[in-house]
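These protein sequences, in sequence, are chains A and B.
Under the working numbering, think of the first position of the first sequence as 32, with each following residue one higher.
Under the working numbering, think of the first position of the second sequence as 930, with each following residue one higher.
What the hints contain is simulated information worked out from the structure, not anything from laboratory work.
Here a beta-carbon is modelled for each residue, glycine too, at the ideal position from N, C-alpha and C.
Computed from the model, here is a short list of chain A residues facing chain B with C-beta under 8 Å:
#1 Leu-74
#2 Ile-87
#3 Gly-133
#4 Phe-136
#5 Gly-137
#6 Ser-138
#7 Gly-139
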Amino acid sequence: DTAVSQTPKYLVTQMGNDKSIKCEQNLGHDTMYWYKQDSKKFLKIMFSYNNKELIINETVPNRFSPKSPDKAHLNLHINSLELGDSAVYFCASSQVGGSNYGYTFGSGTRLTVV
Amino acid sequence: AQSVTQLGSHVSVSEGALVLLRCNYSSSVPPYLFWYVQYPNQGLQLLLKYTTGATLVKGINGFEAEFKKSETSFHLTKPSAHMSDAAEYFCAVSGTASKLTFGTGTRLQVTL
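Chain A with its partners taken away, still in its complex shape (with noise of 0.2 Å):
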C-alpha cells in the first residue's frame, strides 16, 4: 500500500530516556514533516525536510533532532526526555511545492513520558 508510515504506534518511556521515531513514506514525495499535536489536538509543525535538507526548523528544543538519510524516510530522535513531551507526533509528506496539494499524514506515534 502506498502511504506514509511510522513506528512505533505507541512509546512509553520514562524521564530522562532517548527514544526515536521513524517515518517512511512511499509516495514519492520530495517534502517531509513532523508536526506535535497536544493534549487539546493542537497541531503544530515542528521540522520540514526537502530532499534531505531541512527547510524548517521551528522553535523545538535542541533535545528534538531530525534526520533524514534519504527523501523517503524522515526519524525523529528525542533526548532526554521530560513529561512534556508527551503528545501525538505525526509524520507527514508532500510533492514539491507541497502546501499546494497538501499533505498525507501517518496514523501517529503517541508518546507517553512517564
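Here the structure of chain A is known, so what remains is to put chain B in place on it, guided by the hints.
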C-alpha cells in the same frame, strides 16, 4: 504570516441535519486552504482543498466548502449529517516553504 481561526471547538448536530463548520483565515498572499478530518486514534485525512479556480470545492464523504475572499472564510458544509461524520475537523492554510498552518480544530458530534 498565515493563521486560521475555527469558530466553535465543539459542534453538535442531529443525524440528517446540516453540518456547518466555520473557518476564517488570514494570509499575506493568496491562500491555499484545506480541510482535514481526524477520526479517533487516527491520522489526518484530506477532505478537500482550494487552490485556484472555482470557489466552491467538493470533497469526500459529501462535504463541500466555499472560498469567500471578501469574508476571508472557508466554511465546511454537508447537507445531511451521518453518525459516521463524528470526528475532529481541522482547517488549514498554506504558508511559505510548504508549511501548513492548522486551526485548533472543531469536534463534530452527531446525535440520533
